[in-house]
Amino acid sequence: MSNRSADWFSQAKRDVQQAEESRQAGYHEWACFAAQQAAEKAVKALHLYLGQEAWGHVISKLFSELPDNVDVPEDMIDKARVLDTYYIPPRYPNSHPEGAPFEHYGSLQSEETIRYAREIIEFVRNQMA
3 MSNRSADWFS QAKRDVQQAE ESRQAGYHEW ACFAAQQAAE KAVKALHLYL
53 GQEAWGHVIS KLFSELPDNV DVPEDMIDKA RVLDTYYIPP RYPNSHPEGA
103 PFEHYGSLQS EETIRYAREI IEFVRNQMA
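Under the numbering used here, think of the first position of the sequence shown as 3, with each following residue one higher.
Among the hints, erroneous ones may be present.
Claimed, not checked - Below 16 Å or equal to it, Euclidean Cα-Cα: the simulated EDC-like pairs (lysine to aspartate or glutamate) are: (1) Lys63 with Asp80; (2) Lys63 with Asp86; (3) Lys15 with Asp80; (4) Lys63 with Glu76; (5) Lys63 with Asp77; (6) Lys15 with Glu124; (7) Lys63 with Asp73.
What the hints assert, rightly or not - So the derived label-pair ranges between C-beta atoms look like this: (8) Pro75 with Ser12: 22 to 30 Å; (9) Glu23 with Glu121: 14 to 22 Å; (10) Asn5 with Glu100: 44 to 52 Å; (11) Ile79 with Trp57: 15 to 23 Å; (12) Gln54 with Asp80: 38 to 46 Å.
Hints in this document: simulated from the structure, not taken from any laboratory.
Note that the Cβ used here is the ideal one computed from N, Cα and C, for glycine as well.
Just need the whole structure built from these sequences, with the hints factored in.
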């Protein structure tokens with residue numbers, strides 16, 4: 003099986019670019035989801051780079067499943083936990099007591115999620131260097 007880590011990492015970088023474009027266009031719910039996807043794909047790229055498969059969408063769990071010799075800072079795991087909360091709710095109205103998802107997200111959330119995704123991407127880039 004070929005190592006597809008570079009493909010996953012490239013897509014992670016593209017997803018964070020999409021998050022930024024969505025934020026600038028005022029689609030904060032999509033910016034949050036795209037940032038979550040960027041971070042998830044980056045961590046999956048690291049798993050592949052290290053010769054492992056990774057399944058699921060919970061970034062903090064994906065971090066915990068890395069080999070012991072990969073030292074993931076606790077604050078990085080906390081940021082992953084924040085991003086984990088943006089996997090489903092930004093897309094589905096029934097994730098909120100009322101209102102469409104776009105009514106629940108603004109520039110504060112999208113700015114934070116993009117920043118966290120970029121930090122996770124940079125962490126992965128350094129691990130894969």
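Here is what the structure says about each hint:
no. : hint                          : verdict
1   : Lys63 with Asp80              : holds, 11 Å
2   : Lys63 with Asp86              : holds, 9 Å
3   : Lys15 with Asp80              : violated, 21 Å
4   : Lys63 with Glu76              : holds, 13 Å
5   : Lys63 with Asp77              : holds, 14 Å
6   : Lys15 with Glu124             : holds, 10 Å
7   : Lys63 with Asp73              : holds, 14 Å
8   : Pro75 with Ser12: 22 to 30 Å  : holds, 24 Å
9   : Glu23 with Glu121: 14 to 22 Å : holds, 19 Å
10  : Asn5 with Glu100: 44 to 52 Å  : holds, 46 Å
11  : Ile79 with Trp57: 15 to 23 Å  : holds, 18 Å
12  : Gln54 with Asp80: 38 to 46 Å  : violated, 23 Å
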